[in-house]
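Since the structure of chain A is provided, determine the placement of chains B and C on it from the hints.
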Amino acid sequence: MKSEVVVETRNLSMYFGGVKAVDRVNFNLRENELRCLIGPNGAGKSTFFKCLTGQLVPTSGDVIIRDFNGTGRLPHQIARLGVGIKTQVPNVFDGLSVHENIWLAARRWHGAPRARTLTGETIERLKLGDIRNEPVGRLAHGQRQWVELGMVVAAEPWLVLLDEPAAGMTHEETERTAELIREINQQATMIVVEHDMQFIRMISSKVTVFHEGRILIEDTMDVVSADPRVREVYLGHGNA
Amino acid sequence: MDLAIALALQIVYGIANLVLISLGLAIIFGMMRVINLAHGEFLMLGGYTVVISTNHGVNIWFAMLVLAPLVVGLIGVLVERLLIQYLYGRMVDTLLATWGLSLLFVGLVTTIFGAQTETTISPPLGAISIGDYSSSAYELFLIGVTVALLLLVWAVMKWTRLGLVARATMQSDDMASALGVSTRNVYMITFGLGAAISGLAGGLLAPVTGVLPSIGATYIAKAFITVISGGASILAGTSAASILLGGINGIMSFLTGPTLGEVALLAAAIVLIRLMPTGITGRFFRKSL
Amino acid sequence: MNWSRENRWRAVIVAAGVLFTLAAPSMLELFTIINLSTAIALAILALSLGLIWGYGGILCFGQTAFFGIGAYAYTIAAVNFGGSSWAILLAILAAAAFAAVLGYFMFYGRVSDVYMAVITLTVTLILYSLLRRTSGPEYKIGNALLGGFNGVNSPPLNLPWPPYTPLYPEHVFYVGMAVLIIGYVLCAWLVQTHFGRVAVAIRENELRAELIGYDTRLYKLVLFTIGGAVAGAGGIIFCNGVGRITPDVFNLYNSALAIIWVIVGGRGTLVGPVLGSFALFYLTTWLGTQGTVNNNLVLGLILIVFVLAVPKGILPTFISWWDKARQRRSMQRRELKVRRRRGRASLLEEAADEK
Chain A
537 MKSEVVVETR
547 NLSMYFGGVK
557 AVDRVNFNLR
567 ENELRCLIGP
577 NGAGKSTFFK
587 CLTGQLVPTS
597 GDVIIRDFNG
607 TGRLPHQIAR
617 LGVGIKTQVP
627 NVFDGLSVHE
637 NIWLAARRWH
647 GAPRARTLTG
657 ETIERLKLGD
667 IRNEPVGRLA
677 HGQRQWVELG
687 MVVAAEPWLV
697 LLDEPAAGMT
707 HEETERTAEL
717 IREINQQATM
727 IVVEHDMQFI
737 RMISSKVTVF
747 HEGRILIEDT
757 MDVVSADPRV
767 REVYLGHGNA
Chain B
28 MDLAIALALQ
38 IVYGIANLVL
48 ISLGLAIIFG
58 MMRVINLAHG
68 EFLMLGGYTV
78 VISTNHGVNI
88 WFAMLVLAPL
98 VVGLIGVLVE
108 RLLIQYLYGR
118 MVDTLLATWG
128 LSLLFVGLVT
138 TIFGAQTETT
148 ISPPLGAISI
158 GDYSSSAYEL
168 FLIGVTVALL
178 LLVWAVMKWT
188 RLGLVARATM
198 QSDDMASALG
208 VSTRNVYMIT
218 FGLGAAISGL
228 AGGLLAPVTG
238 VLPSIGATYI
248 AKAFITVISG
258 GASILAGTSA
268 ASILLGGING
278 IMSFLTGPTL
288 GEVALLAAAI
298 VLIRLMPTGI
308 TGRFFRKSL
Chain C
24 MNWSRENRWR
34 AVIVAAGVLF
44 TLAAPSMLEL
54 FTIINLSTAI
64 ALAILALSLG
74 LIWGYGGILC
84 FGQTAFFGIG
94 AYAYTIAAVN
104 FGGSSWAILL
114 AILAAAAFAA
124 VLGYFMFYGR
134 VSDVYMAVIT
144 LTVTLILYSL
154 LRRTSGPEYK
164 IGNALLGGFN
174 GVNSPPLNLP
184 WPPYTPLYPE
194 HVFYVGMAVL
204 IIGYVLCAWL
214 VQTHFGRVAV
224 AIRENELRAE
234 LIGYDTRLYK
244 LVLFTIGGAV
254 AGAGGIIFCN
264 GVGRITPDVF
274 NLYNSALAII
284 WVIVGGRGTL
294 VGPVLGSFAL
304 FYLTTWLGTQ
314 GTVNNNLVLG
324 LILIVFVLAV
334 PKGILPTFIS
344 WWDKARQRRS
354 MQRRELKVRR
364 RRGRASLLEE
374 AADEK
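Protein chains in written order, with the numbering used here: chain A, 537 to 776; chain B, 28 to 316; chain C, 24 to 378.
If we strip away everything but chain A, and leave its shape as in the complex, we get:
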């Protein structure tokens, strides 16, 4: 018995001039799944991600989230569907405190009392209590990433899209992030863009490999990493 498809793209394409960053991608994601998108630099995974989140308007094709056609919608309209989004470069409110950052996300969907408790819970959950009153601009990179994750979580989304959540983190921080992602996945369907294989093993998910704007293969991490084509793509081009 398979669960319902909640994210679907139909022939999704994004061209920049002559460059086919994303080329007729058909992608399906079922409820409660945790899916990683991987691929070498320039494979199109981040562009694909931006098309899903409304940061880019695709050249052609459709993005369907549940029953809603999300093609060419603005980020806030996608978010309004109950989608939590974390971008690659940490996008946080630098001048505001950790508490204020997370409160703003919680308050968007809830009244003042519920927002307050939700903010407290989120800070607790992400272990940000010690720095709750610090301006986010003064925090270390890893902490900023967590604040952004906190903003995603505080909105209680049913679908979570993360772009390189462990980028630039120490090993310890990465482990903690993997743990968090597994935790979030208890309640939400997730897509995680990542190129750190170690990290993907930590969250042990199904993987979609992008290459030159298309889906190369889609399977478990073990199958994918044993696949000769994937080795070719990563080693042949990446580390040659």
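Hints are computed from structural coordinates only; laboratory data are not their basis.
Just so you know, nobody snuck in bad clues.
Have a look at the derived ranges for each label pair, beta carbon to beta carbon: (1) C:Glu161 <-> A:Tyr551: 47 to 57 Å; (2) B:Ser156 <-> C:Leu310: 51 to 61 Å; (3) C:Pro334 <-> B:Gly237: 32 to 42 Å; (4) C:Pro189 <-> B:Ser156: 56 to 66 Å.
According to the in silico footprint, chain B covers these stretches of chain C (three or more CB under 8 Å from chain B): (5) 122 to 136; (6) 269 to 281; (7) 312 to 324; (8) 330 to 343.
A virtual CB, placed ideally from N, CA and C, is assigned to each residue, including glycine.
Relative to chain A, chains B and C alone:
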């Protein structure tokens, strides 16, 4: 028929006028992504250079075509070295600082030459007649100069080493640095050239408009609108926007008078920017110069 | 910074404003009081720009447009209605409506902030050149002749209830201070509400605000419209203080002034721009009486120096100094305590050794 020719001439002159007052601003904006709020004062300084030097017996053609761009170009280089270079990458601060500069220039010129200048210069060319209508030969000359100026800038961009470097710098700072080009000098020269063209324009327009310390304000609104509507491509953007806005202004002015002509120009520009936030060349002719 | 400390400061500021309003007429000369109404009107303009730029991050170089439209709308309506009450309402609505239309074009067109600055400035300058051309007898709205660069005489405010007595110029001072204080309280309240905090968040990072589900275009539009309404209210006081309104209100110099107040006073505060406007009003007035140095020259220098050397403005710079000094002091105190405790501990150790 004569009316049609006279009208067409008037519209073409309006377009040329827009190109003339915007080109210097467009060069600086297109290449450096710096909006120079002291642009109007560069025009004003060009005008003053012409008026003062002709009063001291300099030939008016020499004053307009050589002295005005030279003097204002040097001022531009100085401004870039003393102020702008500290603000690269800070667009808003650059805007604010050049606004300060604009006030400073107005203040300086007022202090030195007074708030009004009594001496005016008349256009060095007379009138020509088209059937029953007469037109100013000087306006025809300005149209010619504008076309020549556009061709000159195009040639510089296309064929000279400076143009190549400038185009590389426009694409990416890093690329130019990797090529071993000192972007420092490129920015300085670009700013100087933009200022020189503004000085030339100000000098050429001085016989038509007269000079006042505050005259820059009358130019900048139109120059900004033209450059923003045009987008980042210097020549294609400025020309396309000037033709569109100048054309609308000319036709509306003919039909209803100059006030509504200007309203139409503004309305057209606002609608244009709403439809194309990155200007005409942000949407069309992207690869053009 | 915590909210309660800010609110304590705000209470102090309001109290100072009220005290000044009550004390001024008995302390200052009539001429000074009348002159003050103009300064107060400009302070309201500064407040509105401090709100939308300092808090909302909306770079508006033409805030005087709404100020001027408020003044013109009031004047034209008051001439036609023969009374000021409806004219006031209409003027504020006109300024807000103009801001709403302009804001719609800019925010829904996703115009970047530098373009926004240039567009707002250009619109203001075009209003200037349009109104200067209205000197003929055909430029007439109802009974009000627009009068070109000479402008229009503004009918004085009158009591909104019978016997509808017109106010004397010195009374405009009270009305102005009331508008300024109420405007300040409203703005200070607004920036603390959910709406205001979202506006600040958008200033900090627009994409993030969108990603957590806020329609940033709408928030900016509403804030910009409120700013327009406040500026329009300032315009009403202005034309009452001066007695007439001319196209000069839209000129480049005045647009620059508004920006300089906010830069000097400081973005991210409301009092800063207000104080900045008072300071520069008196500076330029004083320079005018001296007649040796040109105003433009001084203002240009101030603007350049602040952008290069004091980019945050006086008040925020002062606040951060103050905070740092306090931190240092509390740290010193803590260190002293620790040292004392250590000192005691070592004494005890010595005592123990002796035993």
